[in-house]
Amino acid sequence: MTDTAVAPLISARGIGKTFATVDVLRDVDLDLLPGEIHALLGENGAGKSTFAKILAGVHRPTRGSIALNGKPVEVTSPVVAQKLGITLIHQEPISFPDLSVAENLVIGAAEDGWFSRVPWAEMTREANRLMDLLGVRIDVTRPMRGLSIADQQMVEIARALASNSRLIIMDEPTAPLTPREVETLFAIARKLRDEGRTIVFISHRLEEVRALCDRVTIFRDGNKIATDTIGNLSDADIIRLMIGRPVKEYMHKTGATIGEVALEVEGLTLPGVFSDISFSVRKGEIVGLGGLVGAGRTDVAKAIFGVTPAASGTVSINGKRVSITDPSQAIALGLAFVPEDRAVAGIFRTLSVEQNISVAVPKQLAPGGFIRRAVERAMGEDAVRKLSIRLASLRQPIGELSGGNQQKAILARWLLTDPGVLILDEPTRGIDIGVKAEFYSIIGELAAQGRAILLISSELPELLALCDRVLVMSEGRLTADIPRSRATQEAVMRAAVPRRSTTEGAAA
Amino acid sequence: MSTTKTAPAQADSSPVRPRWQTLLIRPETMTFMLLVVGVFGGSVLSPFFLDLSYILRSFTLYSELAIVALVLTMVIIAGEIDLSPAANMALSACIFAWAQASGVPIPLAIVIGLLSGLAMGALNAFLVIGLQLPSIIVTIGTLTLFRGLAQVLAGDKSIRVPEWFIGVDKIMLAGIPLPVVLFIVLAIGLGIVLGGTIFGRNIYQIGTNEVAARHAGIRSARIKSSLFLLVGLVASVAGIMTASRLGSVRYDIAAGGELQMVLMAMLGGTYIFGGRGTILGTFLAAWLLVIVSTGMIVANVLPAVQLVVLGGLLIVAIIATNLIYSRTQR
Ligand SMILES: Nc1ncnc2c1ncn2[C@@H]1O[C@H](COP(=O)(O)OP(=O)(O)OP(=O)(O)O)[C@@H](O)[C@H]1O
Ligand SMILES: [Mg+2]
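Protein sequence lines, in the order shown, are assigned to chains A and B. Going left to right, the first sequence walks through residues 1 to 508 as the numbering used here numbers them. Going left to right, the second sequence walks through residues 1 to 330 as the numbering used here numbers them.
By construction, these hints were calculated from the structure, which means they are not laboratory data.
Here are the computed distance ranges between Cβ atoms for each label pair: (1) B:G189 <-> A:E459: 48 to 54 angstroms; (2) A:E266 <-> B:L259: 52 to 58 angstroms; (3) A:R372 <-> B:L133: 36 to 42 angstroms; (4) A:R125 <-> B:I136: 34 to 40 angstroms.
Quick caveat, the model's predicted, so the values are computed rather than measured. For each residue, glycine too, the CB sits at the ideal point set by N, CA and C.
Whenever a hint applies, use it, and build me the whole structure from the sequences.
Written as structure tokens, this is what we have:
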């Protein structure tokens, strides 16, 4: 199909992967050319990450072979991959949380003996150079723990850059980034391509794929469906190839009855993080909380839910002042919180899917004190059906599910609690287009049932499509409260971008 | 619970790993097989090993440690460790013996002993959960502290207990010594709690991912504190039982017992990083350890060499469970 004038950098032939007895990839042939940016697209669980991990030596293929520059290679481990010049930026950043950013950046790069002196000054300088290149301001001497996910992701990207790889695979790198960071990342990706390197880019955002990539390969159910130049495919083509059926368009249900105030927050302050946050969410209302990554939205949510309580200010539920210092109290009051950082705050990686789903409803699960397996199984099966979670078995460890399917399981967990107030922090991150539409209608339905919903999202179209009202935060402060009728991309962005001194000058 | 059914509405899902395979790679299975090998190996050394009452009598010597190891298993699954219970046994036994020696009636002395054990557990809980200090360091500290206090209290002498109080291990229930009965009953009880209740499940969840557990509304501080308290209480029960078995109390009873307790948990497949393990595993491992230790005594192995073997066994157990778990974790 393609005019292969250039010899491919990587030729994968007949790649298959079987986990236990489940075929996750079947007979995938793929050529990656030098100097191209190649997108991998597909639904949640289609096998994109698995294919990427095979190239990067994390998994061994069950069948098939890989050739690098025409020579067959065995990528037996990530270290071997690194030696061959292949780097994978994982979907969930996995770094060394207690080492500094600089140390994380140069791990594995030092080739001299075990006992040679660590060149701290040099390391810091090199780390700073890389961060400048990416245009991010991170103190490289800080430990990784405590960085936002976006910053962690940038460090991972910088690490890939530092390694001088010929093939860099980015698995959903943009999900936690701000638009500006995405632009920086794209600029760097293009520069790398122009140097003749190959980039594999995995994303669920079609517009990003269009903006960045030269060719796309579409996976469905572990099969490679098509590879083509991006220009040859329309969005509709891509979605049809990915899903095999048309996607429902989400329609905002107007006129959902909006009732009394369910959640009211007044003067919430946590010094250094956010200050004087006041807003309310009514029953049946979907209130968006927009802003740039790092604006403090997650911290506000965590404060309301009692994970890290605020220093001052009040929270009221259904008109009653409450003091929430622990999530268990929040849950008892009918709050639910789907956290942004799934790997850290959401899943129990090695425990079964059903256990992950049922964890927040102990009373339903064990009415007489003893866990009822049948009840749990029913909860799990129900969730699998309603949210079309793709899995082999409910007793499988949740860590074996694809990223998007893990997210669905976490949402299922909170829906079981039948919450009156639902706080969703980037709920559709890593979710494919088809399911996203389903998610939106679920959120709409939840509101229609009279629940109050606070939706934190960095995706403007999502906020605008779903919300009755959009709040915007910038640098720890609430900067706007925009009703649906006046909510536009520009209005939200204007409030989201930090304005130094100018506002103070104007206000004075 | 029976067979792994596939999820509904999944056209393309195929069955997971067959059940016998998952069973085979469980660490408890390994423990069980070692146990069988141990009994056969022992019977070559001495025909006594095929005599159940001989094994039961040998087990009695380790029953106090084994009882504490059951609770310790839960602490390790919750992602913490407690190295102080052997010293706690000594201190609570000394406090009990000292109290009754200075005229306090025995029942009251027992209560005092148990309360002191509980207080020691509370101290650990306060340091680990209240002050957020790492449990391995905290309990090395309290281990030294408790043992030191026991020595201060009892000196180098042994404190005798009255004649009638001696000999829990001689009381038989259906031919089984009382301490062993207690061990079996506690194992069944804790096994049910750990495997069948929300409390037990929360222990696994905390040990797997404490941040996620908190987000899901699990009160990890409360649960972990109660585990440290429980270890403290059970250790003092074990200490007083030891006093009754030995007939006198010295500051050095159960010396080095923390090694045996941790070894029982590890040999039973409890994961040192938390989140995995079972009471059944520790139950089997306790018997295994008794057989190995008794076997070495029968075979006249020098005490120093016995220690070397136990230490080696601990390391092998940790490596083996790590391997098994990392294989199924990917
Ligand atoms: N270690 C594993 N053991 C068993 N099954 C696995 C394992 N890793 C992945 N799978 C299964 O393989 C399938 C493909 O997963 P993969 O992570 O490649 O999907 P993906 O295309 O990256 O999806 P997403 O967009 O949600 O990230 C999923 O059904 C998943 O459950
Ligand atoms: Mg993926």
